[in-house]
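Here the protein sequences line up with chains A and B, keeping their order. Take 1220 as the starting number for the first sequence in my numbering and just add one per residue. Take 4 as the starting number for the second sequence in my numbering and just add one per residue.
Source of the hints: derived by calculation from the structure; they are not laboratory data. Since no wrong hints were added, every one of them can be taken at face value.
Computed cross-link-like contacts, DSS-like style, restricted to lysine-lysine with a CA-CA straight-line distance of at most 25 Å: (1) B/K88 - A/K1403; (2) B/K100 - A/K1278; (3) B/K124 - A/K1296; (4) A/K1303 - B/K124; (5) A/K1292 - B/K124; (6) B/K96 - A/K1292; (7) A/K1297 - B/K100; (8) B/K82 - A/K1403; (9) B/K124 - A/K1297; (10) B/K82 - A/K1377; (11) B/K46 - A/K1278; (12) A/K1278 - B/K53; (13) A/K1377 - B/K89; (14) A/K1296 - B/K100; (15) B/K80 - A/K1377; (16) B/K100 - A/K1292.
Beyond 10 Å from chain A on every Cβ pair, some chain B residues (computed): (17) H25; (18) V95; (19) V126.
Cβ coordinates follow ideal geometry from the N, Cα and C atoms, glycine included.
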Amino acid sequence: MKKLDYDIVVVGGGPAGLAAALEASVNSNLKILLMERSERLGGILEQCIHNGFGLSYFKEELTGPEYASRFIKEVEKKDNIDIKTGTMVIDINPDKVVIAENVEDGLFQVYAKAVVLAMGCRERTREAITIPGNRVSGVMTAGTAQRYVNINGYLPGKDIIILGSGDIGLIMARRMTLEGCNVKGVLEIMPYSSGLVRNKVQCLDDFDIPLYLNYTVTAIHGKDRVEAVSIAKVDDRLNPISETEITVSCDTLLLSIGLIPENELSKSAGVKLDGVTKGAIVDEKRETNIKGIFACGNVLQVHDLVDNVSAEAKIAGRSAVEYIEEKFDKLDKPIELKPGNNIAYLVPHRIEYKINDEKYIEIYMRVHKPMEHIRLCVLDEKGNILDSYRRDIVVPGSMETIRLKSEFIRNYDFIKVEVQE
Amino acid sequence: MEEKTKIICTSCPRGCIITVTHVGKEIKEINGYTCKRGVIYAKDEFILPKRVLTSTVRISCGELPMLPVRTESAIPKNKIIECVKKICEIDVKAPVKLGQVICKNICNTNVDLIASRDIHKVV
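Turn these sequences into a full structure, and let the hints guide you.
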């Protein structure tokens, strides 16, 4: 088996892997290997042909392919980044030996000083929510349909029902309509849309596509191809109300019911995961419990905006360099970050290092339920409010960020963040 | 006669429902907004709603069968369907460079349709 040596191995060539590799390259002369299972770099951005990317990172509105190509062009110029596309990483062990395979090298081993995990996430499927009914064709995730339409040039069907009002579902409602399909409606089990308001307006309202809140699909009908679905209103506990059940004909059911970080490799490397985010438990450098293994982007926490993915990946890329060059300066003891009232999770999970030049550390979080006119409060161990941030509105579908000031990074066992009215 | 048009603001996740009271195209009053951005949004959206249109066109001899395209800037919303029909008729040949004009002044919008990625030629 071929054996290779690299300083930093980046697993995944989507927005996270690209930004991590680029940042590591800019800050060092280290040898970096970027591996991507697809034939091309760019990850999911390649099929996200709609615009709305880059407003915060590039201060302009780009399509997915445009956003990706800005990074791809930079990465390809770097002498200290080797790129292997069409390459599947099949194992990473805690000693940072990476096993991968491709057509050119066959099965090969890479010895890395540091590894950046940037594998992204995948969509939840029909099986994840166990919709009863026949195993017919025409039932697929919204992202699969997006790939068929935007990359392959196939139309998956004509009469479409979409379950789930996540952003990909909304985007696909518009896309299929523009391609001449009849999108009969988008069903959302929750009382609110989980996508961005902007997408609801520009993808559904612009084309008079109805959004049915508190609705779900209760059965899938058809012989070889889906012919109809049963839908019903749900009660407060999200159980279908049988009296409200009706059958709607369709030839395609698209699912936009959530995303799961793709952490199979992380697990084999011994990386510990957070039960809420389904991503690694990390410190502010995005280092996992395994020394020298970092995680960033959607494999760490599912982001709403690619701009945040790039920003987070830069942290991981820079940290991998600092780790190899032994530039880290540890606190006497780590500070745990604990989610309090109406906070589902916090990333990072702990602060390990002394803060040097930066004035703050960005903390990402999501709330459990929507609330208006609240404050995101930072509390010390005794419950004293150290700092607070006003928000007019917080919703689970929209990630929140606060900037934890450097003056609070000192002798605490833990710091809590919670929502207060 | 006074009419009311409801507009959902997309400036933030709150999605305020703003009511524009108007006589024909003349705005008389704007209500229901909760910040300045809302007033501006509602005004623009009432006078002439515009959108950036993104789609794909067929490409031959390329590494991929479809080329993603976009209007270089926003076009009037009521022109979208006409533009989509026009886009269906377009065939291009690889190679194509990001930013390359694919259709000049599409449907007399004074906006060009441009490629949003490179597509290399395959022999």
